[in-house]
Amino acid sequence: QKEVEQDPGPLSVPEGAIVSLNCTYSNSAFQYFMWYRQYSRKGPELLMYTYSSGNKEDGRFTAQVDKSSKYISLFIRDSQPSDSATYLCAMFSGGYNKLIFGAGTRLAVHP
Amino acid sequence: ETGVTQSPTHLIKTRGQQVTLRCSSQSGHNTVSWYQQALGQGPQFIFQYYREEENGRGNFPPRFSGLQFPNYSSELNVNALELDDSALYLCASSHGTGDGSQPQHFGDGTRLSIL
Numbered sequence: 001q002k003e004v005e006q007d008p009g010p011l012s013v014p015e016g017a018i019v020s021l022n023c024t025y026s027n028s029a030f031q032y033f034m035w036y037r038q039y040s041r042k043g044p045e046l047l048m049y050t051y052s053s054g055n056k057e058d059g060r061f062t063a064q065v066d067k068s069s070k071y072i073s074l075f076i077r078d079s080q081p082s083d084s085a086t087y088l089c090a091m092f093s094g095g096y097n098k099l100i101f102g103a104g105t106r107l108a109v110h111p
Numbered sequence: 112e113t114g115v116t117q118s119p120t121h122l123i124k125t126r127g128q129q130v131t132l133r134c135s136s137q138s139g140h141n142t143v144s145w146y147q148q149a150l151g152q153g154p155q156f157i158f159q160y161y162r163e164e165e166n167g168r169g170n171f172p173p174r175f176s177g178l179q180f181p182n183y184s185s186e187l188n189v190n191a192l193e194l195d196d197s198a199l200y201l202c203a204s205s206h207g208t209g210d211g212s213q214p215q216h217f218g219d220g221t222r223l224s225i226l
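Taken in order, these protein sequences are the chains called C and E. Everything in the first sequence is counted per the numbering used here, starting at 1 for the first residue and increasing by one. Everything in the second sequence is counted per the numbering used here, starting at 112 for the first residue and increasing by one.
Simulated from the structure, these hints should not be mistaken for lab results. Zero decoy hints are in this set.
Label pairs and their calculated CB-CB ranges:
#1 Gly114/E - Arg60/C: 20 to 28 angstroms
#2 Asn55/C - Glu193/E: 41 to 49 angstroms
#3 Ser138/E - Tyr51/C: 18 to 26 angstroms
#4 Ser68/C - Ala191/E: 44 to 52 angstroms
#5 Glu45/C - His121/E: 14 to 22 angstroms
#6 Pro181/E - Glu5/C: 39 to 47 angstroms
Every residue gets a Cβ at the ideal spot worked out from N, C-alpha and C, and that includes glycine.
Work out the full structure: start from the sequences and follow the hints.
Laid out in structure tokens, this is it:
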């Protein structure tokens, strides 16, 4: 079993839709949770960074962490064609000094 | 503020050769990590350096080695290249000791192809 599970998609939505992206994890020691966006032929770009359970909002993006369920989500409101990319969840356990990524979800937002 | 830069952007090698990839960390960042990303997969952690010392390593063989320099630039060296080493190699830098309390910022990677 992988430490972090993420549905690879692809996920196709119309412009303006609300997008929900999710990851589950098995290691209860994870403390820091991130979402990255990766365009084709580019490196991952940090979107959201959260510590422990709760919600964090930044513009059209909201990140949720539920440590009791070992489940994290990223919501994108009013999705745009420019949001078309691969979205990677990532988690960090301080004791191991390494970032663990999900496989990434490919998102396509069509006009 | 200068971001993370990596060189070269593309590289083609043959099996058995050796390769060195380079990374310049974001200004002020003293921790650097390297990742391997196979096509269609998430990045896999190779190792991390803080103050020129390796302080974390993933499940990669010893033929993957690294260096961090006093100016916080770094190198990834891979010896005895294998076909499975074909991937995008990503460098990420962050403030702090690399314990996750500071987010990591990535470069655009070096795409390595092994023939």
